[in-house]
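Number of protein chains: 2
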Amino acid sequence: MALATNACTPCAACKLLRRRCAQECPFSPYFSSHEPQKFASVHKVFGASNVSKMLMDVPENQRADAVSSLVYEANARIRDPVYGCMGVIYALQQQIRLLQAELS
Amino acid sequence: MALATNACTPCAACKLLRRRCAQECPFSPYFSSHEPQKFASVHKVFGASNVSKMLMDVPENQRADAVSSLVYEANARIRDPVYGCMGVIYALQQQIRLLQAELS
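Residue numbers (UniProt numbering), protein chains in the order written: chain A, 1 to 104; chain B, 1 to 104.
If you're looking for bench data, these hints aren't it; they were derived computationally from the structure.
Mixed in with the good hints, there may be bad ones.
Identical copies carry no separate label here, and so any pair may be met within one copy or between two of them.
Mimicking DSS-like on lysine-lysine, the simulated pairs with C-alpha atoms at most 27 angstroms apart in a straight line are [to be verified]:
no., residue 1, residue 2
1, Lys-15, Lys-38
2, Lys-53, Lys-38
3, Lys-44, Lys-15
4, Lys-15, Lys-53
Generate the whole structure from the sequences, applying the supplied hints.
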């Protein structure tokens, strides 16, 4: 019996990693072939194997949220290789200080 | 001639990866053996090879900052496997909305 695959439309992860996209592929529900950039970003920053491990570590109903936050984090790191998400956090903290000063 | 190493005090990275800590080790300036948890965190979330690549991609005088932000990010992800740094960003954005509402 042939092994079931998503061969007609391999997910973005399997396409980038040049591997068969099996039906139980951990990436395919979250990395559509229509948005290859999302997987490319998390692959560059975290590595495919770490992304897979991190997804398996969270309950299935929270994996889509985990993917969104990983993609956001990876893009922040690619945009700002020194501070990544920390750059966003610093800016928000600064905005809070300004608002608090206005209020006091 | 023996190859120069940091053999007496291998850095936290080389200790965890069980390898010789050469004098040109990319991790040793940033991951002291006295704080093993820092490297353990970035290793778990990003992987040693990605951390090394990300460090090499930034100018030397910014690498200490890059390490701090990577350690922060990794710890946020370990603490909150679904949202990581995004959880912190959501909370700050919420605080900003509350302050803005107070001001208006």
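Checklist entry - Given a CA cutoff of 27 angstroms, do Lys-15 and Lys-53 count as a within-copy pair, a between-copy pair, both, or neither? => result Result: close both inside a copy and across copies, 19 angstroms intra and 23 angstroms inter.
Next on the checklist: Checking an output row: Lys-15 and Lys-38, CA cutoff 27 angstroms. Within, between, both or neither?
Outcome noted: Within one copy, since 12 angstroms is at most 27 angstroms while 34 angstroms is not.
Checklist entry - For Lys-53 vs Lys-38, is the C-alpha pair at or below 27 angstroms within one copy, between two copies, both, or neither? => result both (17 angstroms within a copy, 20 angstroms between copies)
Checklist entry - When no copy is named, should Lys-44 and Lys-15 be tagged within, between, both, or neither for a Cα gap of at most 27 angstroms? => result Result: close both inside a copy and across copies, 15 angstroms intra and 25 angstroms inter.
Figure legend: structure checked against the earlier numbered hints; every hint is met.
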